[in-house]
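Heads up: the sequence lines are chains A and B, in that order.
Under the numbering used here, the first residue of the first sequence carries the number 13, and numbering increases by one thereafter.
Under the numbering used here, the first residue of the second sequence carries the number 13, and numbering increases by one thereafter.
These are calculated hints, taken from the structure and not from any lab test.
Among the clues, some could well be false.
As the list makes no split between identical chains, a pair holds if one copy fits it or if it spans any two.
Mimicking EDC-like on lysine to aspartate or glutamate, the simulated pairs with C-alpha atoms at most 20 Å apart in a straight line are [unchecked claim]: (1) K239 - E387; (2) K277 - E178; (3) K277 - E177; (4) K239 - E295; (5) K412 - E37; (6) K341 - E42; (7) K98 - E72; (8) K226 - E177; (9) K405 - E196; (10) K58 - E45; (11) K345 - D157; (12) K341 - D40; (13) K345 - D78; (14) K58 - E183; (15) K239 - E178; (16) K341 - E293.
Protein chains: 2
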Amino acid sequence: MKNNSYSVAVLGAGNIGSAVIERLENLDNEIVEIDLKSVLVSDISKERTFNNDVVTDNFEDILNDDSIDLVIEVLGGVEPGKDYIKSLLSNGKAVITANKDIIADCGNELVQLAQENNTCLYFEAAVAAGIPVLKPLIESLRGEDLSRVTGIINGTSNYMLTSMEEGSTYEDALSTAQELGYAEPDPTNDVEGIDAMYKAMILSLICFGATPDKDNVHTEGITSITKEDFDWASRLNKTIKLVALIDNEDGGFNARVHPVLIDTKHPLAAIRGALNAVVVEGENINQLVFSGPGAGAAPTASAVIGDVLSACHQLSSNQSNWYPLRSQKNDNKNFDDVFSSWFIRLSVTDEPGVLASIAGTFSQNNVSIESVIQEGRGEQAELVLVTHEAPEKDMQNSIKQITSLDSVTSVTSTLRVYS
Amino acid sequence: MKNNSYSVAVLGAGNIGSAVIERLENLDNEIVEIDLKSVLVSDISKERTFNNDVVTDNFEDILNDDSIDLVIEVLGGVEPGKDYIKSLLSNGKAVITANKDIIADCGNELVQLAQENNTCLYFEAAVAAGIPVLKPLIESLRGEDLSRVTGIINGTSNYMLTSMEEGSTYEDALSTAQELGYAEPDPTNDVEGIDAMYKAMILSLICFGATPDKDNVHTEGITSITKEDFDWASRLNKTIKLVALIDNEDGGFNARVHPVLIDTKHPLAAIRGALNAVVVEGENINQLVFSGPGAGAAPTASAVIGDVLSACHQLSSNQSNWYPLRSQKNDNKNFDDVFSSWFIRLSVTDEPGVLASIAGTFSQNNVSIESVIQEGRGEQAELVLVTHEAPEKDMQNSIKQITSLDSVTSVTSTLRVYS
Chain A
13 MKNNSYSVAV LGAGNIGSAV IERLENLDNE IVEIDLKSVL VSDISKERTF NNDVVTDNFE
73 DILNDDSIDL VIEVLGGVEP GKDYIKSLLS NGKAVITANK DIIADCGNEL VQLAQENNTC
133 LYFEAAVAAG IPVLKPLIES LRGEDLSRVT GIINGTSNYM LTSMEEGSTY EDALSTAQEL
193 GYAEPDPTND VEGIDAMYKA MILSLICFGA TPDKDNVHTE GITSITKEDF DWASRLNKTI
253 KLVALIDNED GGFNARVHPV LIDTKHPLAA IRGALNAVVV EGENINQLVF SGPGAGAAPT
313 ASAVIGDVLS ACHQLSSNQS NWYPLRSQKN DNKNFDDVFS SWFIRLSVTD EPGVLASIAG
373 TFSQNNVSIE SVIQEGRGEQ AELVLVTHEA PEKDMQNSIK QITSLDSVTS VTSTLRVYS
Chain B
13 MKNNSYSVAV LGAGNIGSAV IERLENLDNE IVEIDLKSVL VSDISKERTF NNDVVTDNFE
73 DILNDDSIDL VIEVLGGVEP GKDYIKSLLS NGKAVITANK DIIADCGNEL VQLAQENNTC
133 LYFEAAVAAG IPVLKPLIES LRGEDLSRVT GIINGTSNYM LTSMEEGSTY EDALSTAQEL
193 GYAEPDPTND VEGIDAMYKA MILSLICFGA TPDKDNVHTE GITSITKEDF DWASRLNKTI
253 KLVALIDNED GGFNARVHPV LIDTKHPLAA IRGALNAVVV EGENINQLVF SGPGAGAAPT
313 ASAVIGDVLS ACHQLSSNQS NWYPLRSQKN DNKNFDDVFS SWFIRLSVTD EPGVLASIAG
373 TFSQNNVSIE SVIQEGRGEQ AELVLVTHEA PEKDMQNSIK QITSLDSVTS VTSTLRVYS
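All chains should be modelled from the sequences, with the hints used to inform the complete structure.
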């Protein structure tokens with residue numbers, strides 16, 4: 013008879029923690045028997061929806077309880093969760109976390125620590141909450157050389173962009189997102205792409221064995237996107253999405269987060285509202301898309317429960333980290349050297365020679381122009397250019413020089429085009 | 013030190029078999045060491061792209077070779093593959109198959125046989141080829157109660173429907189699909205929904221623990237779909253897809269395959285050409301979508317390689333079938349009792365009382381009408397109705413009775429509406 017009963021502790025009993033505890037209590041015993049042994053909370057006197065006898069405010073009680081096999085960390089924030097996870101793994105306990113900040117910060121180190129201590133670490137909920145995507149990437153697709161991974165992995169910004177596509181202003185989209193609880197009172201992490209950056213760092217580790225620093229993941233958010241950009245996108249049969257884009261082609265690895273203009277027929281264009289999606293590309297698999305709910309207590313708890321089953325499987329087989337993480341195959345590529353095609357909107361004075369001076373500036377920087385549209389006349393003239401692919405540094409130089417041209421009133425928007 | 017080296021045999025060296033063998037020979041040794049020990053072929057004298065020394069035309073050589081850990085069956089057809097798999101599992105060898113016919117026929121029995129013999133059986137490639145979807149359903153989502161699974165799981169018919177959406181006739185779509193190698197010279201299995209039915213039977217087992225007979229999976233293909241149906245679909249902001257639809261709500265389990273009118277904003281509407289997709293729904297996960305290439309040697313081999321890794325994992329941990337298959341929770345629901353909303357197009361004589369008699373017929377069968385559009389006048393008049401949801405038997409009675417009305421020249425099309 014296999015051992016099919018495990019004692020579990022949960023660190024944290026907030027929104028996510030409570031959902032996880034409820035799922036654990038109702039888990040089908042046909043699959044595995046879970047004994048909820050302990051829950052770490054800050055206030056042990058507070059009334060709980062679960063059996064109050066198991067609460068403790070002392071982490072050491074859990075760390076030193078040899079009967080506990082598996083600990084689920086859902087505290088949020090980096091500290092003290094990170095220290096707790098290290099101590100638990102060092103004590104040989106299996107750990108599951110939903111905490112993207114910790115895994116982005118030191119996922120590689122923690123995976124190795126788990127391995128050294130013959131135990132395991134799972135974190136499916138850290139990227140794209142309810143979508144089972146990390147496990148397929150780690151296991152089913154471990155034999156594939158991946159070329160590119162693109163994700164819509166921040167539900168808040170995608171909700172806002174979807175609202176703007178439907179006609180909202182940025183401000184209205186943000187305030188609705190806040191009313192619905194999708195955006196925090198301080199929305200910085202979501203709208204500036206920081207949350208997506210952490211998740212991109214985790215995908216970099218899982219898909220390419222790469223551990224870029226925060227500073228090496230170029231990160232732009234959606235704060236400069238306007239309704240007018242969406243009007244233009246629509247004219248070009250495109251929409252605008254904030255993506256994490258990680259590739260390992262053209263001589264190097266690079267991870268970045270920024271908005272893109274994307275064709276309306278691309279699968280990511282169909283990811284609307286607070287949904288998430290991850291597109292995985294490689295020679296044999298061509299293009300796989302995983303999509304679903306990227307946030308919320310129920311989907312997050314669902315991912316944690318999936319991890320509980322994986323961890324119990326691993327505990328029962330006494331195997332640590334059977335699927336080795338990928339090793340990074342290519343050197344890091346500097347963001348300056350990443351190629352993109354660009355959409356650029358300029359306010360210009362409508363006088364002879366304007367286009368010539370702009371085109372000349374691009375040309376001096378070896379950027380070639382794919383199409384130009386001029387709208388309006390006189391002081392209100394607008395010039396919309398789409399370039400062919402060019403390295404980031406050449407584009408940035410072009411844009412800087414164009415901004416200083418006398419005939420250019422302002423550079424209204426600059427967006428990379430996804431292809 | 014864990015045992016990380018396995019001896020493998022492959023049954024069949026056709027299109028898929030050759031792709032699998034090439035992948036096995038180039039598999040990263042960091043993950044697992046594979047020794048290709050034997051390949052079963054019908055003609056051992058034929059020149060091969062792989063080491064000719066390993067070919068045999070005698071299955072017994074493989075069955076009785078105790079050094080072989082794992083056998084990959086890619087012969088196609090039910091026999092002799094089914095007998096081979098049974099013998100191999102009975103001899104304690106791990107088996108991987110890409111063969112949907114065999115798994116649809118007796119997957120449950122084979123999984124149990126694997127379990128009894130403390131070995132394993134994997135078949136990721138049998139549904140939606142290159143998309144890792146069965147393993148997430150079996151493992152990550154094992155703790156979820158699923159309510160409905162909907163798949164575009166036949167690439168040929170989806171390719172044809174996409175061509176028709178773009179303006180092709182059925183005949184042109186079929187002949188192009190045949191030229192491109194998507195459709196067989198005899199396309200029956202694809203266009204009549206039979207291939208999708210087999211895959212629906214496998215999804216029924218994996219998602220709901222149900223083992224419906226072929227006769228209990230209502231199956232309709234795409235042969236009666238016309239260009240005009242697509243014109244109408246477009247007017248209603250919908251398109252037409254052939255889906256496998258498996259649900260476990262409203263008092264019972266039912267699996268079926270038929271074309272549906274589906275909203276253009278639904279994720280399945282975006283699955284174009286030969287792609288496949290599986291949509292999984294449940295209370296906690298809401299709606300997950302897995303999409304990617306549903307056919308072809310490279311994606312199929314990719315799924316087989318994923319299974320090889322899973323099987324080696326299982327062999328190294330000496331665990332048989334840790335994730336138990338789901339047990340069927342609800343009774344089977346008869347297709348007659350399945351509710352759908354319908355789109356019905358009729359040729360009618362334009363005379364007073366036509367609509368009254370048609371509406372009266374629906375009403376006698378307790379079917380209520382959501383909308384009616386009349387097009388044209390006189391002999392060419394066309395009536396297009398969309399009904400509210402009603403049980404299959406009531407709709408079929410209504411349609412039969414309407415067909416026999418004097419004022420109805422013909423029932424031009426009947427399509428269920430997906431919601």
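(request) Identify every previously stated hint that the structure contradicts and give their numbers, smallest first. (result) 4, 5, 8, 9, 10, 13 and 14
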